[in-house]
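Trainee: Going line by line, the protein sequences match chains A and R. Take the first sequence: its position 339, counting from 1, is numbered 339 in the UniProt record's numbering, and each next residue is one higher. Take the second sequence: its position 369, counting from 1, is numbered 369 in the UniProt record's numbering, and each next residue is one higher.
Don't take every hint at face value.
Each pair may be met inside one copy or between any two copies, as identical chains are not told apart.
Said to hold, decoys possible - Only pairs whose alpha carbons sit at most 30 Å apart, straight line, appear in this in silico DSS-like list of lysine-lysine:
| no. | residue 1 | residue 2 |
| --- | --- | --- |
| 1 | 508 | 256 |
| 2 | 413 | 452 |
| 3 | 266 | 452 |
| 4 | 88 | 256 |
| 5 | 413 | 342 |
| 6 | 508 | 19 |
| 7 | 19 | 485 |
| 8 | 221 | 260 |
| 9 | 260 | 485 |
| 10 | 19 | 134 |
| 11 | 313 | 19 |
| 12 | 313 | 88 |
These are computed hints drawn from the structure, not numbers from a lab.
There are 2 protein chains.
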Amino acid sequence: MENPVPAFDRIQCPALHSKIMSAQQAAELIPEGANVGMSGFTGSGAPKAVPLALAERIERLYAQGKNFKIDLWTGASTAPEIDGALAKVNGIHTRLPYQSDPIGRKRINEGSIQYIDMHLSHVAQYVWFGFFGKLDVAVIEVAGILPDGRLIPSTSVGNNKTWLDLADLVILEVNEYQPLALAGMHDIYYGTQVPPNRVPIPLLHPQDRIGEQYLRCDPNKVIAVVPTNKSDRSSAFKPADAASQQIAGHLIEFFKHEVKLGRLPKNLLPLQSGVGNIANAVLAGLNDGPFEQLTAYTEVLQDGMLHMLRSGKLVHASATALSLSPEGEREFVDHIDFYRDKIVLRPQEMSNHPELIRRLGVIAMNAMIEADIYGNVNSTHVYGSSIMNGIGGSGDFARNAYLSIFMANATAKGGELSCIVPAVSHVDHTEHDVQILVTERGLADLRGLSPKERAQAIIGHCAAPDYQPLLQDYFDRALHGSVGKHTPMLLDEALSWHARASRTGSMKPAQAGQAPQAAQADQATEPA
Amino acid sequence: MENPVPAFDRIQCPALHSKIMSAQQAAELIPEGANVGMSGFTGSGAPKAVPLALAERIERLYAQGKNFKIDLWTGASTAPEIDGALAKVNGIHTRLPYQSDPIGRKRINEGSIQYIDMHLSHVAQYVWFGFFGKLDVAVIEVAGILPDGRLIPSTSVGNNKTWLDLADLVILEVNEYQPLALAGMHDIYYGTQVPPNRVPIPLLHPQDRIGEQYLRCDPNKVIAVVPTNKSDRSSAFKPADAASQQIAGHLIEFFKHEVKLGRLPKNLLPLQSGVGNIANAVLAGLNDGPFEQLTAYTEVLQDGMLHMLRSGKLVHASATALSLSPEGEREFVDHIDFYRDKIVLRPQEMSNHPELIRRLGVIAMNAMIEADIYGNVNSTHVYGSSIMNGIGGSGDFARNAYLSIFMANATAKGGELSCIVPAVSHVDHTEHDVQILVTERGLADLRGLSPKERAQAIIGHCAAPDYQPLLQDYFDRALHGSVGKHTPMLLDEALSWHARASRTGSMKPAQAGQAPQAAQADQATEPA
């Protein structure tokens with residue numbers, strides 16, 4: 001961790017100069033048992049020094065036989081300096097609303113972190129409602145501090161507005177690495193209220209600006225200002241593999257079909273897309289595809305959308321965070337004046353708001369771990385019990401979308417696991433919320449289908465050939481042996497594929513001479 | 001079916017006089033294979049003559065060896081004259097979005113009706129989007145027709161606006177039985193659009209009127225006007241039983257606690273409540289309770305809310321339908337001038353709109369079939385495969401509510417079934433959407449709890465004493481034997497309680513000498 005000379009030009013509020021200190025000093029100010037709200041969304045804009053210093057402090061305290069844990073609230077996932085470091089030293093009691101760190105995941109799945117996996121749109125309001133208790137400390141990365149104490153936001157907004165509004169104490173990290181030219185890209189809406197005083201949110205188009213450029217912050221609450229100079233966690237951009245390209249191809253054919261039938265405008269509707277291999281392929285496919293003047297209303301702006309803005313296919317993008325590869329980051333920083341009026345970064349309350357997603361008619365495209373033959377989707381759990389990451393914003397988007405699309409490879413672990421199963425081992429999106437399923441095998445359009453019709457569409461279009469006869473056999477027997485024939489289910493068998501895989505490593509029926517192999521949740525495929 | 005002399009004073013549009021005909025004549029105008037949108041929500045405002053005449057026609061056609069089925073779309077549940085009669089003659093191919101008729105249920109569960117169980121807020125927009133194809137015929141009950149062809153709505157609004165806007169052909173039933181004084185109670189919002197042209201819905205309070213009193217209808221589309229004179233299907237009002245009163249008691253204590261902590265205003269927030277025994281008890285409890293100046297933003301206005309309006313505890317109620325007992329109906333009709341400015345009846349798009357439910361901060365109180373120890377809720381299926389009724393609006397309300405509450409008796413079938421189970425056999429509301437569970441045993445507040453903490457709260461507070469040790473034993477063993485310890489689950493055992501009950505009639509472990517008793521879906525307890 002570099003710790004440069006305090007950069008006074010980024011800290012323009014004179015009242016805060018006396019609060020400039022090291023990360024170690026700031027970390028000492030966080031009380032044991034505190035509820036701590038940190039910035040960060042997909043690693044972007046997360047504090048980089050104080051959490052690490054806090055982890056070091058916790059490690060020292062444990063070595064002295066003392067206990068020290070915090071409850072950690074964020075926007076979404078963060079970086080190894082937060083979730084990794086704090087989980088490693090066992091410094092987290094309760095974690096919400098989302099995390100994707102491997103050490104954090106291990107702690108959760110061994111049972112030592114209490115993890116609350118939430119819809120991202122619910123977080124800020126539940127804290128405002130007082131449902132999780134008082135927020136003690138906010139630790140927020142910013143790009144700069146204005147003379148009056150307002151903050152130039154960093155590369156993500158997440159829940160920062162709420163943390164700054166509600167925390168008793170505020171610690172700011174001023175990250176010189178983040179371009180000051182970010183100023184002007186953010187749109188912080190200050191019109192939220194608690195019921196019964198809420199009013200309509202005046203946003204009509206993805207590019208609308210309805211708030212302020214800067215985050216408000218009461219300088220009297222600021223107890224520490226820590227200068228840093230470090231890049232966001234970023235992942236290398238992987239070119240799409242063949243299966244992802246096939247998924248993208250099916251989706252683009254589907255969009256063409258919908259436009260032809262008049263069920264989608266020629267420029268589609270605002271796109272929401274997650275991160276990962278499949279999402280990259282879909283965006284690359286759209287970048288090469290026939291649709292022009294596209295817009296995005298989404299959580300994260302990843303390389304694929306940057307490419308589309310560059311090419312002109314995408315004219316506007318609204319998100320709550322950037323999530324760029326090192327190359328994407330360079331492209332963004334080098335051409336920030338080109339991108340500034342095409343990108344709006346908002347609080348996640350707004351990017352994920354049911355009111356806005358439904359009004360705009362977003363096309364929601366999310367990855368999944370598995371779906372069952374009736375269209376229930378599991379986004380979070382392996383073998384029903386181990387968390388992968390979390391539901392994130394997928395529920396906010398799927399439930400309120402114009403089109404709710406879920407995507408996965410048809411198999412995982414080299415074909416040993418089918419992503420289409422008799423019954424999912426955990427439900428995050430119910431049959432009522434899932435319209436389109438896509439694998440590299442094909443696309444199942446579930447709109448207007450009953451459960452039995454859905455089963456035939458999913459088995460026929462999405463399942464891998466190895467599993468198609470097994471699924472059809474299950475369905476046929478369920479059709480006869482089930483108590484009811486509305487959603488045929490064999491209660492003794494519905495979860496048997498997962499049970500088998502947890503013992504043998506494969507969902508395929510045992511064959512003579514096959515050695516069982518114990519399952520590890522960590523071996524499972526991470527959703528794209 | 002009474003078929004009185006045409007009542008010209010209710011049919012004031014001269015152009016439609018020539019369209020007055022019998023139900024039998026009108027039923028002849030519905031084509032085979034048509035998509036038919038009918039009025040009706042909990043039996044209120046459903047057409048009473050044409051569907052019955054259509055069923056008679058279908059029966060005759062089948063007797064002649066001819067096939068005749070329609071796809072039937074409604075607001076929600078209807079009456080025996082629709083779902084019962086048409087299901088009995090096997091006249092329904094696809095049914096959406098909700099039904100509760102016993103004959104309809106039997107047909108669905110034997111597999112002969114394709115049933116699409118939907119969020120009620122999704123219905124109108126999916127039809128506008130073209131996802132279900134063209135609407136051929138609308139059959140709508142009204143209280144009267146104005147000179148210019150506009151319609152005085154009946155006792156429910158449901159999807160009538162959408163059906164009238166989109167259907168090629170319209171059949172009107174003018175029901176003289178419905179009081180003409182209904183005029184003025186409805187608020188039909190005509191500001192809806194299809195994306196990308198949607199704008200904020202300008203509703204800020206449950207009592208706000210943002211639309212028109214009457215339904216628009218193009219007289220040129222009207223092919224038949226059928227006079228009727230018949231009351232809505234109504235159910236007797238049952239006084240609350242002891243268990244329901246205990247559930248109500250727990251809830252009211254909880255509300256008091258939340259007000260004391262400042263997490264709810266003194267007059268609470270707009271109430272949403274289903275129908276049935278538990279809902280009646282809760283409303284009766286609120287009527288006797290300490291809260292004043294209450295409001296309701298809900299789907300149906302049942303006797304309990306009428307009593308609360310009468311007593312002054314409730315000052316305003318917004319719904320999409322009345323759902324009254326015969327006594328409630330008399331009270332309502334006799335004092336309609338008292339009730340008119342206190343009740344607003346809206347399209348179900350508005351009563352169930354995520355934007356409005358979230359803005360208003362509704363307190364959502366819904367019945368369930370069962371919940372599991374992690375807070376997943378099953379509202380629809382028995383033994384995972386047989387539909388009871390449907391999800392209705394519970395998802396619209398639960399997901400977007402200020403407080404999301406689900407209620408059930410701790411056991412069903414005389415104690416043979418536990419309503420708290422290791423894993424629900426079908427998920428309608430995921431762990432992410434369920435905050436409060438209540439049974440007569442107590443209330444579990446799941447806010448801010450991890451899955452394992454939720455399990456202890458639910459087992460400890462909600463489960464029946466007979467099942468508590470069994471659930472605790474499952475949970476303890478899962479905590480050790482599960483692949484992951486985040487949401488401990490024994491894949492071989494999670495659905496075993498349902499499997500056992502489907503064979504023996506009881507979730508309790510087999511005891512020596514106990515004779516197995518095959519399960520019938522119909523035997524299961526209907527959600528309150």
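Trainee: Hint by hint, note whether the structure agrees.
Mentor: Against the structure, the hints:
1. 508 / 256: So residue 508 and residue 256 fail the 30 Å test inside a copy (36 Å) and across (54 Å) alike.
2. 413 / 452: both (28 Å within a copy, 29 Å between copies)
3. 266 / 452: neither (33 Å within a copy, 48 Å between copies)
4. 88 / 256: neither (48 Å within a copy, 42 Å between copies)
5. 413 / 342: neither (39 Å within a copy, 60 Å between copies)
6. 508 / 19: neither (61 Å within a copy, 64 Å between copies)
7. 19 / 485: neither (68 Å within a copy, 42 Å between copies)
8. 221 / 260: between (56 Å within a copy, 28 Å between copies)
9. 260 / 485: Neither, since 36 Å and 49 Å both go past 30 Å.
10. 19 / 134: within (24 Å within a copy, 66 Å between copies)
11. 313 / 19: For residue 313 and residue 19, neither the intra-copy (46 Å) nor the inter-copy (53 Å) Cα distance is at most 30 Å.
12. 313 / 88: So residue 313 and residue 88 fail the 30 Å test inside a copy (43 Å) and across (54 Å) alike.
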